[in-house]
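The task is simple: from the sequences and hints, build the whole structure.
Top to bottom, those sequences are chains R, S and E. Using my numbering, read the first sequence as starting at 1 and increasing by one per residue. Using my numbering, read the second sequence as starting at 1 and increasing by one per residue. Using my numbering, read the third sequence as starting at 1 and increasing by one per residue.
These aren't lab readings, by the way, just hints derived from the structure by calculation. None of the values given here were measured: they were computed from a predicted structure. Keep in mind that a hint or two might mislead.
Taking beta-carbon pairs under 10 Å as the criterion, some of the chain S residues facing chain R (in silico) [said to hold, decoys possible]: (1) L101; (2) L126; (3) V127; (4) P139; (5) A276.
The beta-carbon is built from N, C-alpha and C at its ideal position, and this holds for glycine as well.
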Amino acid sequence: MRPGSSGVAVARQVGLMLLTLLAISVVTFVATNTKSPEGIARSVLGRTVSQEQVAAYVRQQGLDRPLPQRYATWLGDFVRGDWGVSAVTQRPVRDDILPRLVRTLILSMIALAVAVPVSIAVGVYMARSAGTWKDLSLLIGSVVVAGMPEFVIGIGLLLLFAVTLGWLPVDSAALTFGTPVEQLKAYVLPSLTLVLAIVPYIARFARGAAREAFGAPYVQAAVLRGLTRRRVIWDHAMRNAAAPLVNVIAINLLWLLSGVIVVENVFAFPGIGQALVAGIGNADTITVQAIALVMGAMFVAISLIADLLVVYFNPRLKGAR
Amino acid sequence: MTTADVLAPVVPVDEEARATPAWRTVLNTIEGRIGLAVGALMLLLIAFGRFFAPYSPNELGVGPRTQGPSAEHVFGTDSLGRDVLSRFLSGGDMILLVPLLSVVLAFLVGGGLGMFGGYRRGRADLVITRTFDLLLTLPPLLIVLVIIAGIGSSTAVLVVTAALVFVPRVGRLLRGATQAVVTNDYVAAAQARGERTAAIILREVLPNIAASAIAEFALRLTYAIIFVATLNFLGLGAQPPNPNWGLMVAEGRTYIAISPWATLLPAAGIAALSIATNLIADALTRHIARDTARGTVTL
Amino acid sequence: MTTALQIDGLSVGYARADGSVNLVVKDVDLALEPGTILGLAGESGCGKSTSALAAVGYRSPGSRIVGGRSLLDGVDLLALPLAELRSLWARRIAYVAQNAATALNPALPIGRQLAQPLVRHLGLRGEELRARQLELLEQVGLPDPPGALARYPHQFSGGQQQRIAIAIALSCRPRVLILDEPTTGLDVTTQARISALLRTLVSETGVATLYVSHDLALLGTIADRMAVMYGGEIVEASSARAVTRRPRHPYSQALLGAVPSAHRPRAVAGIPGRPPSSVSLDACAFAPRCAHVVPDCTLARPELREIEADHVARCVRAEELAPQPNQGTVLAARTAAAPEPLLEVIDVCCEYRHRRTSHVVVRGVSLAVHPGETVGVVGESGSGKSTLLRAIVGLHAPSAGSIRLRGEELAPTAVKRPRAVRRELQIVFQNAESSLNPRHAVGDLVGRPVRLFRDDVARAEEPRAVAELLEAVKLPRSVANRYPAELSGGQKQRVALARAFAARPSLLLCDEVTSSLDVSVQATVLELLAELALQLDTAVVFVSHDLAVVRTIATRALVVRDGEVCEQGETERLFLAPSHPYTQELLSSIPEPAATSAA
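Pasting the structure below:
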């Protein structure tokens with residue numbers, strides 16, 4: 001393994017990620033600032049306001065400067081920790097977002113920690129019983145669940161567990177006001193929804209990767225060397241399935257972060273996803289910009305980790321030969 | 001036995017090698033049949049349901065507010081006293097139309113670019129691929145939300161932004177399929193005959209990627225339906241008082257315990273549609289995988 | 001000397017969807033003695049690989065052992081449960097699969113793969129383990145054994161990967177070694193080295209070896225005994241010398257007659273028809289294709305009888321027929337008619353660009369082809385011969401030099417050349433799977449050049465022209481409505497030939513056109529090619545890695561290495577008295593099937 005080439009590959013990945021983050025920030029800023037300076041001022045101050053007040057606000061907020069300059073200022077502030085003050089709540093955006101970010105991260109981590117092992121286990125199980133009715137029914141089941149939008153899964157779970165059975169709360173109000181036990185219960189349905197949204201994809205892929213690996217010639221060769229079944233499956237077959245599997249998990253991870261936005265809205269979960277949508281509804285552009293950039297950074301960080309993992313698992317990419 | 005007989009035997013038909021056309025496979029598998037049946041049902045419902053609505057979908061106060069099922073209102077009423085069933089029967093068209101348009105647009109633009117890049121290779125391909133890669137790194141829902149936040153939502157915005165999300169994905173897939181085909185010698189043979197690029201893409205390449213393209217279309221349509229429905233649910237698509245199913249789900253969610261059908265009916269409608277397309281896409285994809293292994297991919 | 005592996009009456013089938021069994025191997029008897037190599041010869045589909053794998057006790061998905069025993073030192077492998085088989089595999093009986101590259105796990109370093117059987121079966125650890133690993137790698141001739149242990153399979157060449165696979169197989173000093181086409185797909189010189197290595201290892205370790213191969217010439221040189229399979233049965237068995245020099249079964253005779261030789265000018269004779277897809281239970285399997293068939297042959301399945309001492313054959317007429325390989329008609333009889341060259345390649349260089357680097361594959365090659373002659377271009381893989389062909393036909397623009405047709409300079413890409421030029425130069429590719437568009441019917445494929453280039457054929461007459469072409473390549477007219485997937489490899493390549501000749505070219509470029517075909521099919525295609533080229537007065541440039549084939553068909557030949565021409569001249573002179581060391585090396589690497597009409 002030549003360390004030089006791995007280092008170059010890593011540096012390239014990091015560079016690409018930063019570029020992406022930059023792109024996200026540009027899109028965000030441009031999209032949220034399509035109105036003229038006066039328009040922005042009016043949407044903040046309200047309708048019944050005089051021309052002078054509008055002009056004063058524009059000067060004060062620096063809205064009369066050219067767009068690239070405003071972008072640079074905004075980005076600079078953000079990196080230094082100043083995320084602006086929301087025109088709607090009149091509070092610093094950062095104070096509102098950080099606790100929400102924590103909750104969203106906890107939710108995502110729980111969902112991931114449950115979804116990945118379950119998916120792989122289900123996928124390998126399906127591969128081993130390929131062709132039987134067990135496999136077929138799981139296949140059709142996965143197609144059905146994968147075909148449903150996350151919010152439908154959420155609504156369905158809500159109706160079943162909260163409304164009909166009453167075991168779990170109908171919304172996530174407990175997170176703000178409830179006891180620790182109630183808080184824990186409030187995490188269940190949203191994370192379950194996310195898990196159900198991802199498992200069909202990863203399990204399906206794991207099944208395909210496992211089947212392909214099982215049928216590979218080196219697996220036959222390994223069997224003919226008298227190695228045990230367990231060693232053949234995990235050491236030989238799944239090892240080769242690992243790289244593409246990590247790739248798929250990474251893609252689904254990004255998708256999970258999108259799904260979080262939806263799920264939070266179904267359950268009124270006080271995370272950044274809900275704040276984002278609420279912010280859009282309230283035309284709270286400062287908050288929307290900040291959340292978009294935070295989420296963008298999360299996406300990029302996870303992509304980077306996933307890409308590095310893929311390289312780790314694939315000896316060919318380690319730059320040898 | 002003469003030499004002629006021996007040299008020119010009857011060519012036995014290899015039954016296994018005759019490929020099954022795609023539509024036949026869809027009908028052959030359980031999932032394909034269910035998908036087609038449900039899909040057809042939903043299509044009829046969306047197209048003609050409005051003519052069977054007992055009440056006007058947007059008329060306020062035709063019944064008591066937020067009430068569960070009753071004799072006059074089979075699926076109950078919503079918070080503004082509107083009949084849930086009537087709204088449901090009238091609100092499905094955008095849930096299907098917008099995704100359909102966006103996927104068609106994505107195929108025309110993304111597919112065209114992908115095929116061109118996959119065939120030509122070289123500089124053109126590099127530019128196209130890099131663009132796709134950059135677009136793919138952007139998280140879809142986030143970007144679309146932000147764009148809608150800025151520009152506002154309308155049917156056109158939804159169609160174009162959704163298409164934008166899908167262009168790189170469709171483009172990448174069709175590029176890959178084109179590349180796989182282009183390595184074959186029959187493309188080289190056509191080039192050696194001096195045939196032109198357009199002719200080669202149409203005559204030699206397209207028939208061989210058509211099957212994958214159709215499977216991808218079905219799959220993409222599934223994602224598009226889910227995506228657009230989600231946007232509507234988040235309030236970023238159609239606006240009230242439109243009886244759009246996604247919007248209905250969001251509106252009904254607040255009183256789900258009292259009049260559950262206000263949420264459940266449109267949610268089930270969306271799910272039925274996307275599950276149907278997913279089943280069809282799955283049947284097609286498995287057909288392709290099996291035939292690729294056998295070497296007999298056909299439309 | 002006790003027999004290490006005794007296979008008695010092995011019969012194997014595949015389960016069909018309706019539960020019945022499709023028999024593919026019937027009544028195979030083989031005996032492997034320590035320190036000797038038994039060659040199992042046959043073409044694709046004859047059941048040799050299936051027999052080898054079944055004999056080891058491995059049950060492939062869908063396969064059924066219908067009968068027989070496989071006795072390893074008296075223990076029947078076919079009757080053992082999987083757990084016991086696992087303890088025997090690699091330890092007492094080892095199997096090396098066909099394609100080493102795929103038999104090695106790409107995700108594990110080879111040291112680990114080598115260690116696994118040693119740890120499992122012999123319990124070696126630490127220093128002892130490492131010592132044994134290094135010893136094995138040295139034994140198979142791998143350079144830098146300590147460094148090799150940490151490397152991954154893709155970091156080795158094809159030949160080296162095969163050596164590693166052999167090392168793994170021999171690691172636990174098994175009694176029996178089964179090799180399934182171990183050198184197929186490797187370069188000629190590599191093949192020679194690996195075969196020599198195997199021969200040495202077998203003598204040194206005393207392992208009883210079964211060597212499955214389609215290459216009769218090769219088996220003739222390294223095997224002690226030989227058995228020939230056809231249609232799932234053994235049709236002949238004896239010492240290797242006896243089978244290759246005095247074959248008794250019509251199929252062996254025909255097969256040996258189809259093998260081209262690099263060491264003497266011989267014609268090849270193809271075997272018409274197709275091999276059967278399943279075992280025939282009530283008639284001779286070879287009867288439909290046999291030149292010596294009589295009514296008795298179809299009455300009952302012939303028994304494997306002793307024709308002379310230690311020589312069995314499955315044929316009712318074995319004693320009557322002359323024990324010699326079939327003779328074909330000499331193919332390479334054409335010489336140049338006119339002194340004016342038809343095609344001139346002058347100092348052509350070709351390269352491949354990838355990002356910043358360029359890789360030169362053809363360096364200053366010059367050659368001339370005269371009307372009506374057949375020129376062979378010989379080289380191993382990577383020598384640039386295919387690229388040269390593609391440059392001539394306009395698929396790859398040369399970076400230097402020029403190509404002239406009848407003195408006129410040709411544009412670098414086909415699309416810029418005038419139609420008349422494109423008509424005159426036609427190319428046939430190696431792999432018919434890939435050169436025929438699976439979505440076009442055969443009639444469309446052959447008809448396209450007719451539409452584009454044949455001014456003498458009106459639209460309405462095209463179907464007739466297509467039918468004539470199909471007949472010329474000995475295919476029935478009805479094939480025009482079929483799709484390529486429904487045809488066999490040989491039939492597909494004939495369609496490709498028909499397509500090439502459809503334009504009535506003056507020069508036909510053949511890129512390894514018979515390399516993917518079985519020997520007997522190859523012979524048929526070569527016969528066809530020679531016949532059509534003669535009939536239509538078409539010059540041919542025939543590229544191949546197989547010297548024997550080139551010798552059979554070409555009047556002049558070039559030897560290419562690393563993009564340069566080492567030697568060129570009249571085929572006979574080149575092969576009888578090669579002057580360039582590379583040519584000499586190539587020739588000495590090729591095994592020679594036992595002399596034919598030596599008697």
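To see whether the hints hold, each was checked on the structure:
1. Checking S:L101 against chain R by beta carbon gives a least distance of about 19 Å; that is not within 10 Å, so the hint is violated.
2. Interface hint status for S:L126: violated, as the beta-carbon distance to the closest one in chain R is roughly 15 Å, over 10 Å.
3. At its closest, the beta carbon of S:V127 sits 16 Å from a beta carbon of chain R; the interface hint therefore is violated under the 10 Å criterion.
4. Interface hint status for S:P139: upheld, as the beta-carbon distance to the closest one in chain R is roughly 5 Å, under 10 Å.
5. Evaluation of the S:A276 hint against chain R yields a held restraint, the C-beta minimum of about 8 Å falling below 10 Å.
In this structure, the earlier hints numbered 1, 2 and 3 are contradicted, and the remaining ones agree with it.
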